[in-house]
Amino acid sequence: DAAFLDASGLIERIRTIKSAPEIAVLRAVGAITATSLRAGIDLLGEGVTDREIGAVMTATAIREGGEPMPQGPFVTFGPRSFRAHSTWTGDPIPRGALVNTEMAATVDRYHVPCFRVSVIGPPSADLARFHAASEKGLEAALSQIEPGMTSDRADGIMREAIEEAGCGAEFVVRAAYGIGLSFGPTWGEDRLMALRPGDERIVEPGMCFHLVPALYREGLGCVCCSMPVVVTETGLDPLLDLEAKLFVQD
Numbered sequence: 458d459a460a461f462l463d464a465s466g467l468i469e470r471i472r473t474i475k476s477a478p479e480i481a482v483l484r485a486v487g488a489i490t491a492t493s494l495r496a497g498i499d500l501l502g503e504g505v506t507d508r509e510i511g512a513v514m515t516a517t518a519i520r521e522g523g524e525p526m527p528q529g530p531f532v533t534f535g536p537r538s539f540r541a542h543s544t545w546t547g548d549p550i551p552r553g554a555l556v557n558t559e560m561a562a563t564v565d566r567y568h569v570p571c572f573r574v575s576v577i578g579p580p581s582a583d584l585a586r587f588h589a590a591s592e593k594g595l596e597a598a599l600s601q602i603e604p605g606m607t608s609d610r611a612d613g614i615m616r617e618a619i620e621e622a623g624c625g626a627e628f629v630v631r632a633a634y635g636i637g638l639s640f641g642p643t644w645g646e647d648r649l650m651a652l653r654p655g656d657e658r659i660v661e662p663g664m665c666f667h668l669v670p671a672l673y674r675e676g677l678g679c680v681c682c683s684m685p686v687v688v689t690e691t692g693l694d695p696l697l698d699l700e701a702k703l704f705v706q707d
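In my numbering, the protein residues as written are 458 to 707.
Computed cross-link-like contacts, DMTMM-like style, restricted to lysine to aspartate or glutamate with a CA-CA straight-line distance of at most 25 Å:
| hint | residue 1 | residue 2 |
| --- | --- | --- |
| 1 | Lys593 | Asp583 |
| 2 | Lys593 | Glu603 |
| 3 | Lys593 | Glu620 |
Keep in mind that the hints were calculated from the coordinates and are not lab data.
Modelling step: build the complete structure from the supplied sequences, incorporating the hints.
Here it is, written out as structure tokens:
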């Protein structure tokens with residue numbers, strides 16, 4: 458006479474809302490990610506290879522207390538970055554080429570990703586325009602997304618800002634994916650929660666996301682100024698401290 462109830466999704470639902478101790482871990486991991494990204498960006502200069510940047514990012518993450526990462530770091534430059542998550546070739550990075558650096562440091566299998574774009578010397582007009590649009594999408598999301606709205610509406614906030622900046626056709630991905638506890642080959646919780654068009658699930662306090670206003674233009678590459686965040690009672694709070702800008706190295 459036993460009754461068996463369908464508990465599908467029970468654990469997944471619990472995972473989407475992070476506890477205070479989990480958020481504390483994510484903030485600590487975010488600090489490692491920020492320090493490691495900054496180390497890679499600071500190394501950038503004429504004659505430096507993408508492999509060398511990946512190496513210093515990895516070494517920094519380990520020194521700062523990070524554990525083996527499920528993937529990446531991703532370091533690529535120029536039009537080749539149009540292919541998402543492509544990695545280094547070992548070639549020197551030329552002046553004027555956009556440089557993608559993305560990674561997620563890892564502690565206790567908790568991951569905090571972040572994406573920054575750099576360039577040696579003045580950026581091209583296209584790179585500057587696309588990065589400004591990505592920044593506008595990020596700024597809109599950080600200032601306007603709040604608990605209680607649908608995933609669809611949260612996505613729309615970022616999407617509308619990018620469209621107003623004239624780059625809507627290049628924004629072909631969802632606005633954010635869930636982050637937290639994960640195992641390789643991925644660092645995200647996209648299958649648990651995301652901010653995407655048509656998704657009527659509700660954004661709740663304690664959820665954590667990677668905001669990714671990633672723009673793809675063939676011939677230019679990928680331009681993205683991202684931010685990992687936690688949803689609070691009133692809005693979004695970044696999980697790391699790394700200026701959301703285009704880094705120009707001389």
